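Spelled out, the chains give:
Protein chains: 4
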Amino acid sequence: MGIRVAVAGASGYAGGELLRLIAGHPNLELAVATGFAQAGSTIGSVHPHVRSFRDVVLAKTEPAVLADADLVFLALPHGESAAVAAQLPESVRIVDIGADFRLKDPADWTKYYPGEHAGTWTYGLPELPGQRELIAASTRVANTGCYAVTTILALAPLIAAGVADPDDVVVVASSGTSGAGRAAKQHLLASEVMGSMTPYKVGAHQHVAEIKQASGARTLSMTPVLAPMPRGILATVAARPLGAADPRAVLAAAYADEPFVHVLPEGQWPQTGATFGSNSVHLQATADIDSGRIVVVSASDNLVKGAAGQAVQNANIMLGLPETAGLAIDGIAP
Amino acid sequence: MGIRVAVAGASGYAGGELLRLIAGHPNLELAVATGFAQAGSTIGSVHPHVRSFRDVVLAKTEPAVLADADLVFLALPHGESAAVAAQLPESVRIVDIGADFRLKDPADWTKYYPGEHAGTWTYGLPELPGQRELIAASTRVANTGCYAVTTILALAPLIAAGVADPDDVVVVASSGTSGAGRAAKQHLLASEVMGSMTPYKVGAHQHVAEIKQASGARTLSMTPVLAPMPRGILATVAARPLGAADPRAVLAAAYADEPFVHVLPEGQWPQTGATFGSNSVHLQATADIDSGRIVVVSASDNLVKGAAGQAVQNANIMLGLPETAGLAIDGIAP
Amino acid sequence: MGIRVAVAGASGYAGGELLRLIAGHPNLELAVATGFAQAGSTIGSVHPHVRSFRDVVLAKTEPAVLADADLVFLALPHGESAAVAAQLPESVRIVDIGADFRLKDPADWTKYYPGEHAGTWTYGLPELPGQRELIAASTRVANTGCYAVTTILALAPLIAAGVADPDDVVVVASSGTSGAGRAAKQHLLASEVMGSMTPYKVGAHQHVAEIKQASGARTLSMTPVLAPMPRGILATVAARPLGAADPRAVLAAAYADEPFVHVLPEGQWPQTGATFGSNSVHLQATADIDSGRIVVVSASDNLVKGAAGQAVQNANIMLGLPETAGLAIDGIAP
Amino acid sequence: MGIRVAVAGASGYAGGELLRLIAGHPNLELAVATGFAQAGSTIGSVHPHVRSFRDVVLAKTEPAVLADADLVFLALPHGESAAVAAQLPESVRIVDIGADFRLKDPADWTKYYPGEHAGTWTYGLPELPGQRELIAASTRVANTGCYAVTTILALAPLIAAGVADPDDVVVVASSGTSGAGRAAKQHLLASEVMGSMTPYKVGAHQHVAEIKQASGARTLSMTPVLAPMPRGILATVAARPLGAADPRAVLAAAYADEPFVHVLPEGQWPQTGATFGSNSVHLQATADIDSGRIVVVSASDNLVKGAAGQAVQNANIMLGLPETAGLAIDGIAP
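Line by line, the protein sequences give chains A, B, C and D. Per UniProt numbering, the very first residue in the first sequence carries number 1; after that it's consecutive. Per UniProt numbering, the very first residue in the second sequence carries number 1; after that it's consecutive. Per UniProt numbering, the very first residue in the third sequence carries number 1; after that it's consecutive. Per UniProt numbering, the very first residue in the fourth sequence carries number 1; after that it's consecutive.
In case anyone wonders, no lab produced these hints; they're calculated from the structure. On a predicted model such as this, the values are computed, not experimentally measured, just so you know. You can take every hint at face value.
Which copy is meant is left open, so a pair is good if it fits within one copy or across any two.
Derived SDA-like pairs (lysine to any residue); straight-line CA-CA distance at most 20 Å:
1) Lys-185 - Phe-36
2) Lys-185 - Pro-77
3) Lys-111 - Gly-292
4) Lys-201 - Arg-248
5) Lys-185 - Ser-41
6) Lys-201 - Ala-287
7) Lys-185 - Ala-37
8) Lys-111 - Tyr-200
9) Lys-111 - Trp-121
10) Lys-60 - Glu-29
11) Lys-104 - Trp-121
12) Lys-104 - Gly-79
13) Lys-201 - Gln-268
14) Lys-111 - Thr-219
15) Lys-111 - Ile-289
16) Lys-111 - Pro-77
17) Lys-201 - Ile-289
18) Lys-111 - His-78
19) Lys-104 - Gly-115
20) Lys-111 - Thr-286
21) Lys-104 - Ala-82
22) Lys-201 - Thr-286
Please construct the entire structure, taking both the sequences and the accompanying hints into account.
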């Protein structure tokens, strides 16, 4: 008998990815999966790829249904987690994939999100120094954002080491379409997206606050771009150097023991395709020959390390399981 | 200590997929991986997604290197397996992913392939009646072709049940580009493929002989089409009905106990995306309202059930392991 | 001063393509473009690519607005053309891109479409024998369906010449996503479509009736497949041969003088990418070496020859303009 | 009788695009098209989409063949133009699509390209102040690079107006695969590219020198990324502001009279798909709310404004034709 976990908001892309990961996890067992409009449908009809749970019917998202689990994954739209979480007993562990509990400063919340700030939970990025222990001791963990985790892992060690100027960071990051969710919107139609790159929320993306809080950056320009692929984030982080340290060496030292963060051999650059389906982040860094800027490129799968995989990694730590249980280090390519 | 397996021809797409599956397999251990032009390179440079073996160096493809393994996967270009296999002792089990040993009739070989017919090994499609037992008793197994397995599973039970006319079958099947291999060719460039559907080998594809041999079809028209996606095969099989049996019911009965063959609920049609990364085949069937023809649609991942996954499934059977070990039933989507 | 044309339903994909073609047409001038929900918006915001009309505001779709034009293109949802057409004077020429007036037999309409049969207009496929003259003499023309035109051009000459059996035709046709329109639907999201092939309306597509009516086929099985590309239709037509005539020669003779129908040199197969943006259809045919079936492959751009381009071609004929005016013979690739 | 133009290097993507544009140009006539390996092949077999010239046979690239034309487009690999150009009489106008003659400073050439610096021709970017007149007076024009033109148009007016700091510019730019040419290389295979974003030449791209020379930037970090689409460039230019001027207003004023450069309405961001097939560049700019940086996003079609279209625009100017002749302002979408 495995540890019983619930997935609230199982009909979306992050929810579907959680179901896939739970099905393949040696220690977890699906207690219940819930939805809103899709409650009453089988998982087989909502997520045709998740054959393991094909006959499981989605329940309605209600606290009573979820409270029966040992751990609940919340994969709800931003702003909806707080209400559900408030009705779950402290004994039920929660990993929230939404943004509700990530930010410490209510002013940051108000700047980028509608509604009131719900509070702050332990930030679920185990690769940050000391964070793994905090997660292990928590019953409430706020998962990272997808752009955020991909950028923070590229940037935080450089700022911590005094190698990159926290006051001058420029990020341009491309995301696959699954990052925008499964709601039917015209600008996300295949016809509009295939063959096209489209920037959005230029100069004002909500992950900026989260990236600054967790990476130590103080001033950051970020431009997100929607790319014609279903998954993957490629973040280019251009930071002004302080001193002449080799940025690649700093990153390699920081992540030497991390199973999911891979600083590639010199000269080999990350590509999102190589991270597909895995919980890995691939990194490479160099100094720009014209400007001298540090350029770090970071690739991940937005639905795994950027959402469901990160959530399972956090759950593993909270539950005392091996941190890599049920998570792939290897991507699927081509 | 796991069972020691070797991969010959590890630098191609099927080889890379074998490496990924072996890395995640609970019972197998990589003894050696070999290549030709890429011998001497690390797996990390050749397959950036296979992080588990990133520091393993590809050896040269030589029998002495391979003979040390308990089982050898041959992922070589068509026509090159026979020479290597001839130099391996009988005690070393072999699964050949190439076409060399699939066909029984030398005349079929000569009609579709260059060079001489190498011989016939046990046909590695466990879902055919009685075939699982033959595979278990064999030390030499010829893996299926990717179009072949996708089509045969859709067709064989209908012909066996006397429901479809073996003398009048029309197949149109689309394949992702990885089915065409990793050699650099102009017509496989992303620029040429993205946004375009392109038929090839129209009226004369080499899998026709294999499909006929294993499905019982006697006359078959097949049109293969290159589709703008990296993986996946979608086969549409239109067969003249004999009698009025429900084709879906026949398929559902045939595969009721198969872990990897899924006849979808009525009205739900297969899509290749739902099989991505899995060893599953999804099937659906109906009767055409204008012509009365049986139309079966079959979807699979050409690199898994169509190549490396099928090979691991065969190896599992040959080695007395659980048939599903190391293989995913669930796809990765979106 | 050009001939004044109106586009009703200008906010969809066919409407946008009409705007683009009108902007580049030497003889036509845009009188008005109308929409429903988008009325009041500029064309520049609805169709960012149509810079020529960027400041033109979409009017509401009302007969009074349209009646002022010399010719009206109706690019409305199926079933909505009849009501608008009924309120336009006979002196205003109309080309209807919808299905409303294509079918002759009300029973065919009822079998495949909801609502009542609106009537029958001149069928707008000039490459059919004698049809060009009928179109020239008409003030009301029903444009072809996209699957229909691509299939009919491949099939009609073979049936007319007694070379293909009209009672045994199997068609499998893939379409880019723009053929499904611009309404936001989950199954058309980029995340769902990219990397996947998905059949739909298997055994019961509404274009079957239109294809039979115009090609002479009497029994036809058609399977449509949604392909991961924005535009393009690739139809594979497998017909039982009558006699031993070379199907390619029959097609080449039929279209020798047609500017938009291209029978490719022997051995060169059509690809949808080569027709992108053009009003051309590319054809090739062979005899299957196993079954002897005639296999014709036909490629077109569903928004041009399958919709807006065909409409302009019909308009050119109706207005006495050069038939190719404003239409590209060359595609855009890669 | 049109003006007689030649295309040297007609078998590549830029060459094919030139052929398409020439076929649709009201004043130009194709004198000859040449190739290397493909000499002797028909254009119909090399570029199946260019039906207008389907029976034209590619000649061998030899000066004698080209010298007969009024104007020669050189679409040769970088480094090969100089040798051909040297053998053409001054009376034959030349537009070189390659990089050979773009740079003024031999040191810049040596820093980024192999071989010796060939010299400097008039820089073929008519939208730069005063440049149109220089082009009109030249018989030798060096076309812009594709990244270069997309970035320069975004940046030059801001630096010229003293609004952006020339010493601190960060560019991240994504390109479709056709920008990498048509030679068969493994990393350009559809299997490798689809579903993946891949950076390359990070910190050291050869267009940096060209961008600095033409935009006035003095220090520039540029990261190019290969995107999974056949065409299109999306450049994100993040520049440190000098003063508080509205960058959008500066750009709008600079390009008010330009037919091919479109500053979009406030809030509407460029997308590469909207420029497909057109000679247009779409621009938008804002100030980043966290960092205050100016962020300009610029989109173009790399084969049109980034190569063949720009070349035709330059030729039009050199030949005294209307500058927009034969060039589309409207893109093709979706």
